[in-house]
Each structure stands twice: as structure tokens, then as C-alpha cells.
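These protein sequence lines are chains A and B, in that order. For the first sequence, counting from 1, position 169 maps to 169 in my numbering; every step adds exactly one. For the second sequence, counting from 1, position 543 maps to 802 in my numbering; every step adds exactly one.
Please keep in mind that the hints were generated in silico from the structure rather than gathered at the bench. On a predicted model such as this, the values are computed, not experimentally measured, just so you know. Virtual Cβ for every residue (Gly too), placed ideally from N, Cα, C. Please note that the accuracy of each hint is not assured.
Cβ-Cβ distance ranges computed for the label pairs, FRET-style [to be verified]:
(1) B/ALA823 - A/ASN10: 36 to 46 Å
(2) B/GLN799 - A/LYS150: 50 to 60 Å
(3) A/HIS6 - B/HIS551: 11 to 21 Å
(4) B/ARG640 - A/PRO196: 39 to 49 Å
(5) B/SER576 - A/SER4: 50 to 60 Å
(6) A/THR101 - B/HIS551: 45 to 55 Å
(7) B/LYS282 - A/GLU250: 13 to 23 Å
(8) B/LYS627 - A/ASN10: 51 to 61 Å
(9) A/ARG22 - B/SER821: 12 to 22 Å
(10) B/MET575 - A/ASN16: 50 to 60 Å
(11) B/ALA730 - A/HIS220: 27 to 37 Å
(12) A/ASN219 - B/LEU299: 27 to 37 Å
(13) A/THR101 - B/LYS891: 51 to 61 Å
Computed far set for chain B versus chain A, every beta-carbon distance over 10 Å [as the list claims (entries may be wrong)]:
(14) LEU299
(15) GLU413
(16) TYR597
(17) THR668
(18) ASP775
Here are the simulated lysine to aspartate or glutamate pairs, EDC-like style, with alpha carbons at most 20 Å apart [stated by the list, open to error]:
(19) A/LYS15 - B/GLU830
(20) A/LYS52 - B/GLU830
(21) B/LYS769 - A/GLU53
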Amino acid sequence: MSESMHITLNVWRQKNAQEEGRLEAHACDVSPDMSFLEVLDVLNDKLVSEGKEAIAFEHDCREGICGSCSLVLNGQAHGPHKNTTTCQLHMRSFKSGDNITVEPFRAAAFPVLKDLVVDRSAFDRIQQSGGYVSVNTGSAPAANAVLVPKDDADSAMDAAQCIGCGACVAACPNASAMLFVSAKIAHLGLLPQGQPERKKRALAMVSAMDREGFGNCSNHFECGAACPKGISVANIARLNRDWLGAVLTEREERKDQGD
Amino acid sequence: MATQEAATTTSPAQNVHPKLQSKSPSGPMAERWTKHKFDLKLINPANRRKFKVLVVGTGLAGSAASATLAEMGYKVTTLCIHDSPRRAHSIAAQGGINAAKNYPNDGDSIFRLFYDTVKGGDFRARESNVHRLAECSTQIIDQCVAQGVPFAREYGGLLANRSFGGAQVSRTFYARGQTGQQLLLGAYSALSRQVGLGRINLRPRREMLDLVVVDGVARGVIARNLATGEIEKYAADVVLMCTGGYGNVFYLSTNAKNCNVTATWRAHKRGAYFANPCFTQIHPTCIPVSGHYQSKLTLMSESLRNDGRVWVPSKMSDTRSPEQIPETERDYYLERKYPSFGNLVPRDIASRSAKEQTDAGKGVGSTKMAVFLDFRDAITRDGEDAIRARYGNLFQMYARITGENPYKTPMRIYPAVHYTMGGLWVDYNLESTIPGLFVLGEANFSDHGANRLGASALMQGLADGYFVIPATIAAHLAGRALPAVTEDHPEFRAVAQQVTDRTQRLLGIKGKRSADSIHRQLGNIVWNQIGMARTASGLQSAMRDIAALREEFWNNVNVPGSGADLNQQLENAGRVADFLEFAELTARDAYEREESCGGHFREEHQTPDGEAQRDDVKFQHAAAWEYNGEGKPETRNIEPLTFEVVKPAQRNYK
Numbered sequence: 001m002s003e004s005m006h007i008t009l010n011v012w013r014q015k016n017a018q019e020e021g022r023l024e025a026h027a028c029d030v031s032p033d034m035s036f037l038e039v040l041d042v043l044n045d046k047l048v049s050e051g052k053e054a055i056a057f058e059h060d061c062r063e064g065i066c067g068s069c070s071l072v073l074n075g076q077a078h079g080p081h082k083n084t085t086t087c088q089l090h091m092r093s094f095k096s097g098d099n100i101t102v103e104p105f106r107a108a109a110f111p112v113l114k115d116l117v118v119d120r121s122a123f124d125r126i127q128q129s130g131g132y133v134s135v136n137t138g139s140a141p142a143a144n145a146v147l148v149p150k151d152d153a154d155s156a157m158d159a160a161q162c163i164g165c166g167a168c169v170a171a172c173p174n175a176s177a178m179l180f181v182s183a184k185i186a187h188l189g190l191l192p193q194g195q196p197e198r199k200k201r202a203l204a205m206v207s208a209m210d211r212e213g214f215g216n217c218s219n220h221f222e223c224g225a226a227c228p229k230g231i232s233v234a235n236i237a238r239l240n241r242d243w244l245g246a247v248l249t250e251r252e253e254r255k256d257q258g259d
Numbered sequence: 260m261a262t263q264e265a266a267t268t269t270s271p272a273q274n275v276h277p278k279l280q281s282k283s284p285s286g287p288m289a290e291r292w293t294k295h296k297f298d299l300k301l302i303n304p305a306n307r308r309k310f311k312v313l314v315v316g317t318g319l320a321g322s323a324a325s326a327t328l329a330e331m332g333y334k335v336t337t338l339c340i341h342d343s344p345r346r347a348h349s350i351a352a353q354g355g356i357n358a359a360k361n362y363p364n365d366g367d368s369i370f371r372l373f374y375d376t377v378k379g380g381d382f383r384a385r386e387s388n389v390h391r392l393a394e395c396s397t398q399i400i401d402q403c404v405a406q407g408v409p410f411a412r413e414y415g416g417l418l419a420n421r422s423f424g425g426a427q428v429s430r431t432f433y434a435r436g437q438t439g440q441q442l443l444l445g446a447y448s449a450l451s452r453q454v455g456l457g458r459i460n461l462r463p464r465r466e467m468l469d470l471v472v473v474d475g476v477a478r479g480v481i482a483r484n485l486a487t488g489e490i491e492k493y494a495a496d497v498v499l500m501c502t503g504g505y506g507n508v509f510y511l512s513t514n515a516k517n518c519n520v521t522a523t524w525r526a527h528k529r530g531a532y533f534a535n536p537c538f539t540q541i542h543p544t545c546i547p548v549s550g551h552y553q554s555k556l557t558l559m560s561e562s563l564r565n566d567g568r569v570w571v572p573s574k575m576s577d578t579r580s581p582e583q584i585p586e587t588e589r590d591y592y593l594e595r596k597y598p599s600f601g602n603l604v605p606r607d608i609a610s611r612s613a614k615e616q617t618d619a620g621k622g623v624g625s626t627k628m629a630v631f632l633d634f635r636d637a638i639t640r641d642g643e644d645a646i647r648a649r650y651g652n653l654f655q656m657y658a659r660i661t662g663e664n665p666y667k668t669p670m671r672i673y674p675a676v677h678y679t680m681g682g683l684w685v686d687y688n689l690e691s692t693i694p695g696l697f698v699l700g701e702a703n704f705s706d707h708g709a710n711r712l713g714a715s716a717l718m719q720g721l722a723d724g725y726f727v728i729p730a731t732i733a734a735h736l737a738g739r740a741l742p743a744v745t746e747d748h749p750e751f752r753a754v755a756q757q758v759t760d761r762t763q764r765l766l767g768i769k770g771k772r773s774a775d776s777i778h779r780q781l782g783n784i785v786w787n788q789i790g791m792a793r794t795a796s797g798l799q800s801a802m803r804d805i806a807a808l809r810e811e812f813w814n815n816v817n818v819p820g821s822g823a824d825l826n827q828q829l830e831n832a833g834r835v836a837d838f839l840e841f842a843e844l845t846a847r848d849a850y851e852r853e854e855s856c857g858g859h860f861r862e863e864h865q866t867p868d869g870e871a872q873r874d875d876v877k878f879q880h881a882a883a884w885e886y887n888g889e890g891k892p893e894t895r896n897i898e899p900l901t902f903e904v905v906k907p908a909q910r911n912y913k
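Just chain A, with the same shape it has in the complex:
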């Protein structure tokens, strides 16, 4: 149906976390209707039939929701389009003759495991520190017992859409995880269910983030531009407010208790 395009991929190859990596060039004929990951599939099939090792890259749902796919394409996390994950990026977004450099998400807190696969478990550890409402199964009140204004529910949903891919970290010059953390803080902080642990959550998640080696936010806002789900950088201001408020009142509360 549509004519073939010729592109060159310069792909990051790295055997494991210890060894150094390098870029490897591959010429590919592709259809404009292919997704970027399908180009890697076809290239891998060719490599395997030639007895070579396939390029390792993470992917799963291929519809932009699982957050597995990553990749920095020509310096941009998830490639050139706003609000688009790499798996939803189609080759019609490129021109025949293009050179595309394909690299993993880079951050000290995201060590490379192999080729384009990085370890993002730091995000899980941040969640484990406080990214939840403490409610055991079975102890919940009736669902409509607590009213939630529609605007609050909608804003919470805007923040809750984060897919935990880590593009915000990869795009940030400081490799900060502030957008990721703030999305969870905003999601739960906007809902009545999240209020009892609001301060504790901000303190715990921010210290977990620091422990994992993510950098600080210095307002470049590259994170917001790279986010495939359009998570707003305004959430970062909310995180800062919650954290600052928590730090101040935490001291007072301790004083009240004679600490």
C-alpha cells in the first residue's frame, strides 16, 4: 500500500552493566505504517537468521499503557512526538534517508542491564516507601459514603495516568524523578482517601527518591515535555508544597510531643 522507506539505526549495544557499550549501525527498509518497535522486531529477526545476537529492548503491551518501552531516539525520550510512547510511534513520523540514534534511558539510578534495557526498580522502591493509602482488604467503607467532587476526581485521574516509564528522568538534565513522585503525590493528595497520610507520604517518597540517587529539580521542565502521558509539571509545585508543609509541621508536632 505505502512505499518503503530506507533508514539507518545507530543502536546502543552493551553486553551487561559492567562492560562498555557502543553504537552499532544497521540499515533497514521499513514501511511507514510500522511502529518503531516493529522495526526493531524485523531487524532482530534478520540478526537471528544471520546467527547474531538480537538487540535487547523492553516492551510489552505495545499500546502505550504498560510503561515497559523506553528508548531515547535522536536524543529525545520516546522520540519526537508529544504524548506518545515509543511503541505508539510510527515510521510515518520519519523520512526516508533518516539516521536515528537509539539509546537507553540514561540515569545513574537506571543502570543499563543489556543493550537498551535498564533497571528501573528504583521507582518501585519509591512507591514502596509511601505511594499508597493504608487500607487493608475488607476494611473499606461503602464506596459512595465519601463524596469526591468531580473536578477533584478528574484532576486526580490526570495525575494517576503516569505509566512509570521513566522518560521524565531520562529527559531531565539532573535525572530527577520529581515528576514521577509528584504524580503519585497529586493523585492521592487530591482525593479525600489520601488525606490522612498526606504529609507522611511526601516525606517518605522524597527521601526514598534521594536515597535512590535521583537528582534535584531545577525547573528545566524537560520532564513534562517528554512525558508520554502529559503529566503536568504543576504537580511538582504541589509536591514541594506538601513536602515543605510536612517538614515544618513535623517538627512542630514533635515539639508538641516534647521531643
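Fit chain B to the given chain A structure using the hints.
Showing chain B alone in chain A's frame:
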């Protein structure tokens, strides 16, 4: 429960296979679950910490079960095939989750949800299980709201509902088009909390490659560390498999690429019976295939059928653009054939009807393998903004993939494999035919019969994980003597060695083809012969073709790299090898079930107007397949199904 029948008793029938006793409680349907919970043993909180629970999988069922059991005090270890539990494929469910809350006051009840689900499944599910599912549905919503799941709300702050296929009430709760994501993130947050508290030992990037059975009881699994290649042993007092469905046997499906049958298939080969593998669901509204390189298909939520109207041109091979086709030359075939349910007929019927139209030469688009889903009338009625608010992310996804604007031109859709109702056979306690092995969520066969209604998968995964297993697990833990078994037991060493040998065998073939290319070929066979319409001769040829392709695989696959590090080609090769065995059983199951029911449509068995024709005399049962060893045919055992409350009838959505 005015509609409830009088008390009936279901003492286990003597002529039922001893391993296939359903253990369904007796008595009035609406009291069975309560009664059963009371009859089950309890384990006191101090004793729970002595029991090691191993959970495999972190989708809705696995995450919910892990979190809940850890909250109760059990020692939980959870294996996750991804780098993070949040990536499990439950995340991709779009439309919603059913619950019999009756908030819209439109006549819903637990009984109606039960009734709709039994009927929607074309009378091939176990009534007691389905009623329990409907009962748990309301608690699930309470739990999720308390976790902070941002469900859609009305302006007054109350929860909003919408309707879904197979129902005439609005009982579906949703979070835009990302309900699965929000429910999974809720369960993931509960799981993460327990990990943070040190009560769950979470092992990400682990793939279960075999089950370890000691003295007839499931006592653990062998898993591969996908980052390092290490083969690891996990011993436990009980094993919960929450490993999802097998839709990827079709290669192209809406399932994520890592979804596979390996965990359930290997458990099957260790003695767990596999029930109804031919019950697969083809979802009617997916984005059509565009090229041979296609790696997966994308679902467009069923919720779109609330506002979208399905049609094809009345004329064959009409090449006009949809805008140029006048109203009088459009066939809104679902509204025409099923006036009372219209565009909201169940999935199996909507899919088959689409195939009927394309078979008749009325397909649209460049491949002619699509029908229109048109929002023109809804946009005229409610305005573009209202439609954007309801389905914005779905429209955006469609535009991104196809390069077309669905606000201006109708979507092109076609059916694609989406869900599998079959799975490991389980009794009312969710225990398989291997004592100590419980199976939850899509991985089991229990609640959806031959066709699952929309917004019921999320409900089942969470019901199993949050509410069913925490009660029924005691039947095993408190009911059986469990001698201490550790990873040093000879059986663990033996099975680990078998897993290592198999890996070496795959690496040693050094043929010419990638596992993926063979998988694609398998998918073609399965889609063509075990897809939306099946025939005896087609199924016979499928069995032959699959066996030949399996030979090709074991002689000509190439798995580069080593087993001692991250090797995605090796992971995939192991999964394809299992699909190649499993596919043949699926074909055989479809061949032996000489009737049509739900998603299983045998062309030889249809009513004069083309609807599925069940044979309740011969096939009102679940077929549970028993593995007899390498190269030997499997035995087809049956669990008869009795319908005490919802009397089987031909489904009528007209």
C-alpha cells in the same frame, strides 16, 4: 432475593471423576458463599506467619492476593515476570469493571449480574462460582475507592456508571478508558505497601518454568531470573498461579507480548487438568491488521459501542468513502438483527456478525477486512466535547495508529483475539487437580463459561485475589498435613535440572529461524482454523499442521546468545515451544466439542439464522484434559454442569 429458588442440595455426584469434584456448596444459591466461608477452617493470626505462600504473577489477581494474604499475616513471596508488578497486562484493560451496586436504580441486583453472566457465558460456567463473583463485585468497588482509585464521578460527587455489552443495566464503573490501569495501580499500591513493610518478598524479572510437586502436593516452582539467567528454586506451603491467559497462541492478539501459556502449561504437564482450552474470546472492536510485520493488535474498548454504531455498506465492494454513502445504503446490521440489544450484543455475537459481513464481501477499508464504527450520530446528538470526554484517549490512540481522525470519519474495526475463558480446571476453592496449587484470574477456567461479558475480567481477577483466595486457602493449609519441604529437597533439584537441560536443548538447536517467525506461522494456523468459525476438517488439518510446525521448531529454531544472562530470544523460544504443544490440545478440544457455544462456533452446529446451537445433552460440561506423558494423547475428562437457577435456553438478544 425474591427471585431465588427454594433450597436445593447438590451432593457431589457419584459418577463424577474423583479429581473433578467441584466442591460447590449446597443450599440456596445466595447463601452458598457465606455458608462455605463459615464451613471453611480458619487459621489463627499467630499461625499464619508459619505458612509460606508463593504467588506467581502480579496482575490484578496476583497483586490483590499477595497484598491481602500479607495483610493477614502469611509469609508471601511473589514472582513477577516484568521489571515491575505495575506492568502486568491487567494494566491495559480499558472499559470498566462490573458491580451490582444498582446506583443508577435501573433494576440491577446481584441476582441479575449472576444471571447475565451465566447466560452471557452460554451456560458453560459453574453457577455457584458465578453467583459468588456477583456477590464479591460490590465489595471490590468499595475496596478500590478506599485505595484511591479515581473512578469517574458525577457532579454531585457520586460514582458514575455506564453500560456494557450483554447487559441492559448500567453497572460498569470506569476510570476514563484506563480502568485496568487504575485498578492494577490500586492493587500494586497495596502490594507495594506490604513489600515496604517487609511482609512480601517481591522477586521481579522471574519467569516460572516449572512446578515442583512433592508427594502429590504442589510445593513450589522453578523460575529463571531473567536478568542473570540463574535457575532458582522457590519452596512454599501453597502455590497460587495468577499467570493470565493464552491468547498469544494466535500470535496476533490484543494481549501484551509477554503473555504466554508457559506457567499453566508446565503445571498441566505436572498433573493440573486443563479445562476448555477452545473457549477463546474474539473481541469485536479492534484496529484491523495493516501489514505482515504487525506485532500485535490494539483493542478499542467495548464501551465505544455505547455511542458508536456499527455498519457496512449495503452494496458489496462499495469503494465510496463512508461520508458519501447515504443513510439508505448503510446496513446497521447489529441494530437490524438484534433490535433490543442493538450495538450492545455480547462479544461473540458481535464478532461473528462482523465476519459474516466481510465474508459476504461487504468489508471496508483497503484490506476489506473491517467494518465501520461510526460516531457521527453521537457527535451530532451530544457534541464533540462530550464524546471527547468519554473516549478521548481511545480516539487519540486510534488516530495515532491509523493516521485517521475518528471524529470526522468512522473508525474501521475488526475482531481480534482478546481473552481466554479456558484455563486450568479449579474447584470452588480455586484449587486445581494438584492439591496445593490454586489458580486465579484469567489463568483458571471458572466463571465465564464459553463467553465472557465485557467488564467482567477485572471483576473476576480482583474477586479471586481480594476476597475468594484469602478464605479458601485455609482449606488446604489447615486441612492437610504439610511436612516441611525446602529447596534442598531432591525433587527441587531434579526439576531444576530438567529446566536447565531444556534451556540447553533450545540453545543447542542452532537452526535458521527465529522463534518469533515460527510463532507467527503458528498464529496463522490457529487464527484460520481455531478462530471465529471452526469445522471438523479444519481442526483436523490444524492438528496435523501444528505437529509438523513443532517438528520444524525443534529442528530449525535458532536461539542466539547464552542461558547465562538476559536473553529475550531464549525466553521467547521457551514460550513458543509451549504454545506449539498447547495449540494442538486447543484444536483437539474444539474438535471434540461438537456443538457451538459462546465463542466456540462450529459451523456444523448452527441454528437456521446462524446463531450458536448448543447441545446440552452431550456437552453441558467442562472438558478437563489430563496429560499422560510425552507423545501420548491426553484424556478428556468431564465435570458435568448443573443449572439449578438459570435454566439453559438459547440465548436471545433480539
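Comparing the hints with the structure gives:
no.	hint	verdict
1	B/ALA823 - A/ASN10: 36 to 46 Å	28 Å, violated
2	B/GLN799 - A/LYS150: 50 to 60 Å	57 Å, holds
3	A/HIS6 - B/HIS551: 11 to 21 Å	18 Å, holds
4	B/ARG640 - A/PRO196: 39 to 49 Å	43 Å, holds
5	B/SER576 - A/SER4: 50 to 60 Å	28 Å, violated
6	A/THR101 - B/HIS551: 45 to 55 Å	27 Å, violated
7	B/LYS282 - A/GLU250: 13 to 23 Å	53 Å, violated
8	B/LYS627 - A/ASN10: 51 to 61 Å	39 Å, violated
9	A/ARG22 - B/SER821: 12 to 22 Å	20 Å, holds
10	B/MET575 - A/ASN16: 50 to 60 Å	58 Å, holds
11	B/ALA730 - A/HIS220: 27 to 37 Å	52 Å, violated
12	A/ASN219 - B/LEU299: 27 to 37 Å	57 Å, violated
13	A/THR101 - B/LYS891: 51 to 61 Å	53 Å, holds
14	LEU299	16 Å, holds
15	GLU413	7 Å, violated
16	TYR597	29 Å, holds
17	THR668	17 Å, holds
18	ASP775	6 Å, violated
19	A/LYS15 - B/GLU830	17 Å, holds
20	A/LYS52 - B/GLU830	16 Å, holds
21	B/LYS769 - A/GLU53	12 Å, holds
Comparing the model with each earlier hint shows violations of hints 1, 5, 6, 7, 8, 11, 12, 15, 18; every other hint is respected.
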